[in-house]
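Chain residues, written in single-letter form:
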Amino acid sequence: MRIVVAIKQILDPEGITVNRRRERIFINREERIINPADKCTLEAALRLKDAHGAEVIALSLGKPAADDALREALAMGADSAVLISDKALAGMDAPTAAMVLARAIERLAPFDLVLAGQTAADTGGDQTAGRLAELLGLPQVLQALELSLDGGRLQVVRLWDGKPVRAAVSLPALVAVSPLAPPARYPHGARIMNAYRQMQVSVWTAQDLGLTPEELTPNIESRGQVFPPERELGTVVEGPPAQMAGEILSLLRMRRLI
Amino acid sequence: MDFSLNEDQRMYVKMFEDFCANEVAPFAQETDHEEKPPLKQLKAASEQGFLGAIFPEKYDGAELDMISYALLMEHLGKACVSTALTINVHVALVGSAILRHGTDAQKEEFLPAMAAGEMIGAFALSESGAGSDAAALRTTAQHDGDRYILRGSKAWVTNAGIGQLLLVFARTSEEAGGKGISAFLVDVDTPGVKVGYREKTMGLRGLVTNTVYFDGAEVPAERLLGQEGQGFAIALEALDLSRVGLSAICLGAAEAALENGTRFAVEHEQFGGPIAYKQAIQNMIADSRAEIEAMRHLVHFAAWLADEGDSRLRTQAAITKLICSEYAMRIANRMLQVHGGYGYMKEYAIERIYRDLRAMEIAEGTSQILRFLIARDQFAPHGISLRP
Amino acid sequence: MDFTLPKEYELLRRMIRDFARQEIAPLAKRVDVQEEVPREVIRKAAELGMMGVPFPQEYGGMGAGELGYCILMEEIGKVCTSTATVIGAHTGIGAMAIYLDGTPEQKKKYLTPLARGEKIAAFALTEANAGSDAAAIRTRAVRDGDDFILTGSKMFITNGPIADIVSVMAVTDPSLGPRGGITAFIVEMDWKGCSVGKVEDKMGIRGSGTSELIFNEVRVPKENILGQFGAGFVTFMKTLDVGRVSLGAACLGGAQAALERSIQWAKARTQFGKAIVHNQSIQWMIANMATEIEALRSLVYRTAWMVDTGQPFTRYAAMCKLYGSEVASRCISQAVQIYGALGYSRDVEVERMFRDARIAEIFEGTNEIQRIVIASDIMRQEGVRISP
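Chains as they are written, first to last, in our numbering: chain A, 644 to 901; chain B, 1032 to 1419; chain C, 3 to 390.
Derived by calculation from the structure, the hints in this document are not laboratory data. For glycine and all other residues, C-beta sits at the position ideal for the given N, C-alpha and C. Keep in mind that the hints are not guaranteed to be accurate.
Unchecked claim - Computed beta-carbon distance windows for the label pairs: (1) 280/C - 663/A: 20 to 30 Å; (2) 1314/B - 891/A: 31 to 41 Å; (3) 1406/B - 667/A: 38 to 48 Å; (4) 313/C - 1314/B: 31 to 41 Å; (5) 698/A - 195/C: 51 to 61 Å; (6) 1251/B - 201/C: 52 to 62 Å; (7) 8/C - 698/A: 27 to 37 Å.
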């Protein structure tokens, strides 16, 4: 079984603060991580590999730094990794990025399953998985929590309106994995060492994928950003838990609420 | 300048030594390891009059001068810091406040009972949001005819769990800071008073410290101590005296640490003889001994200022507590190191003394607040008025 | 000069940090109260290779060298000193002795299951009369045919209660003294005659079991001689040497955790109408802590590099342990001070960290011994021989 897993490297949202009053985004700590939903996706792929034996190929479209994301995927247990990285691919919009990824996935054919994260924690567009399925002509199952193989069909437990329901799909297919799916395993330390010291990450350029400048012209132009207004919240109690508890109790008592 | 103890004081020292050797020291480890309140030690102390140590005889007190009180605290601290602190809070914080500011009726009602150990006093000033900034306390005492209604909660109330009498500081007026605070003498069993969670602490495990809740507790107006708005000043005065006691406790505990370290160095052999022969050990012992001497004289000078009613006591008590608490911790730390691995084991007294003394740089004014007080005093004559 | 960490080590650090935060940190308080690091935690750590970080993959290890091992100890040291101590005694000295001086057969038989965390190791050198003076040990190993009969007892052995494989130092020729008269052996604790004696009750690292190990005429086959016969002193000195680097790393982790907690608390806690971080006293503490931590970080990682590149490192390893333990104690005590009264409460992590930290200045060679090692190493280059 061949599984292609598309992952994205993002800036850790925990290192970013949004100041709505000043309408600015501050990057306090620049740390690059694998998008959380994509880590769940890798985990889902590796569970299929553990249960049924599979070849897992990790694929990422990004800056050269995304090499680290792919090494982490290798350390977790992926068998090979491909990085699509090229200056010509900078600043793409979502439809164009999906097109580039689809082109790369086609180049990895034959495959049985394409997995992607449902949501990117930085852009939150939720588009990529659906677009990929369309471009690749694959049936798609979104918001997946659990995957298992039954005969030739993939059994999926997915979220529908917030509740888990069962679905089944014939392969090849594309499944988008929810960030609520089981969390990723920790990579074994020896595999971390080996992922960098012994394994390779293939790098593909726009030229390798036969992409033309017309194809790479963005469809969407970003004109600025707007911050939602701050709401009046009432009394904000801040501080460490012990102190906050004391103050809340005080406030409740002062207002004769208890 | 006469540095000798007078005849009474020398007699007291002998009495304190015997008392601590028989009634306190043998139970120190158990008090700590089992986190037992030192009730039997308190009972023995009351029989000697120590629970009314500084009260006048007319209130069944031992009428000790402050130097003798400091000697008492030193010996108690040497034997068991938890017991010593329990008594210091009772006598020097609660007892002295009543003594200085109580009406005759209040003094008669409380001081003899406190001296007899029938009533243990607890000091309720701090709150979860008012530690170093004690004047920011928010517990309120609403004046309602012939009573006050208390609402709020107090944190770190030493002796609350074993006490019958709480000295509570609460806000009686809207005035910000210290000026709006008054002091009250509250029975623990007053409806609306709830003694809550007992703190689990690193050391001082025989000390009983709780959170106390006031939920509309009604306190008769006769229980106001001093005037309305005088509460904060009463608290600060009480803290001056208790800082002297606390410094004496640090001195005693440091002496215990030095004794333990010395004995270990004499008995423990490595590299062909007792480790007392190693210069590194000698340096640790020498520094500790020198610091103890400095502490001793600071404590006695502060105690003397208290006896003289000298206004220099305020700053000197802060200086004494700052130095004694920091030195005592350093001494315990060195003496633990002298013990090597044994110093980390609970069978050895130094292990407990080390944990006990860590509290001293924090309780009753952190070293940081004390530095602020001292600097403020230093700059005041120069027209610079420091605010925290 | 390139000071960047190779990428595989960055990923390793991230993995261990996540593991420590999610799997170990939430249990740290329970580990202290229940006095045990859960076997489940050790198993999960072992599954990720964390029980054999510095050892080659050929022997079940991670192949990450001393550098990787210091990263592990730093990250675990940030969240739970007890766990770091269990792993440290197992990997850093117990199994390490076998890695440094074992034959390929011994490494295959013993190092592999230890590296995989299938068995637990301990290092047994110290005795009641031989602490700093390690050469004064008396445990005897008497030849009997091809075997040795081991008799004696070891004291203060970390992992004593849970160890399966122990590297034991014993006297094989009393007439020769430490040079030539001491041999190291690999002993399996389930052999007849081996038992665990007294388990110590300690101030801190209460999740790490420290005990006596008793050897009552244990038959040790000659295949279990570790290193050269009669050269046990060299084996244990080499092992302790390298063990000090990672202990410095664990201390670095503890200091770093203290700094992080201090920063968060200083931001959040308000007194006198502002966050306490706006007091210069607090800022100075933070700045001083951060500076010492940076200096320690450079020292530890540079020394780890020296180990991994085969350079002489004895002096620097002693510095890592000496400076690391003192920086950790200072930073953690400052953190307690910044937390104020809460820092003394067992509900709060820094309280436990304070008790846990103290042992680092004592075990694996007291800081006095470290100073002797450093001074001796310096003076040896000057042609002067220093004796303890």
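27 to 37 Å as the expected CB spacing between residue 698/A and residue 8/C, which holds or is violated: Between residue 8/C and residue 698/A, where Cβ atoms are some 28 Å apart, the hint holds.
Distance restraint evaluation - residue 1251/B, residue 201/C, Cβ atoms, bounds 52 to 62 Å: Given a distance of about 56 Å, which is inside 52 to 62 Å, the answer is holds.
Residue 663/A and residue 280/C - C-beta distance against the hinted 20 to 30 Å: holds (24 Å)
Outcome for the supplied range 31 to 41 Å, where the beta carbon pair is residue 313/C and residue 1314/B: holds (33 Å)
Supplied distance hint 38 to 48 Å, evaluated on CB atoms of residue 1406/B and residue 667/A: holds (39 Å)
Residue 698/A paired with residue 195/C, Cβ distance criterion 51 to 61 Å: holds (53 Å)
Status of the given 31 to 41 Å range, CB of residue 891/A versus CB of residue 1314/B: violated (52 Å)
Hint check: a violation occurs at hint 2 only; the rest are consistent with the structure.
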